[in-house]
Amino acid sequence: MSTVTSTNGSPLAADLKLDQQLLEALEVVGPEPTRFDRVLEVVRKRHDRTDEMAIREAFWRLLYQGVIELTPDRKLRTAAA
62 MSTVTSTNGS PLAADLKLDQ QLLEALEVVG PEPTRFDRVL EVVRKRHDRT
112 DEMAIREAFW RLLYQGVIEL TPDRKLRTAA A
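Letter 13 of the sequence shown, counting from 1, is numbered 74 in our numbering, and no numbers are missing.
Source of the hints: derived by calculation from the structure; they are not laboratory data.
Be a bit skeptical, because a hint or two may be false.
[Said to hold, decoys possible] Distance condition first, Cα-Cα at most 20 Å in a straight line; then the derived SDA-like pairs of lysine to any residue:
| no. | residue 1 | residue 2 |
| --- | --- | --- |
| 1 | 106 | 91 |
| 2 | 106 | 120 |
| 3 | 78 | 112 |
Given only the sequences and the hints, what does the whole structure look like? Please build it.
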């Protein structure tokens, strides 16, 4: 997996941790593409995260970097290798 950086270009420990939690949530949900709200729910429950804005920022960061992608029906999945 590539190094994930914050929006200002430098990796931050909190950003990296949240990015990893989001990716773990995608794995927990399963291999099929899923809705963002389902991933958000898993992150909240498994990691006791309540800061939805930070989770959304992690989503956009990973999407922009090509780590995750949206399907045509607007569901999330990890990017194809």
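Unsatisfied constraints (hint numbers, rising): No numbers; nothing is violated.
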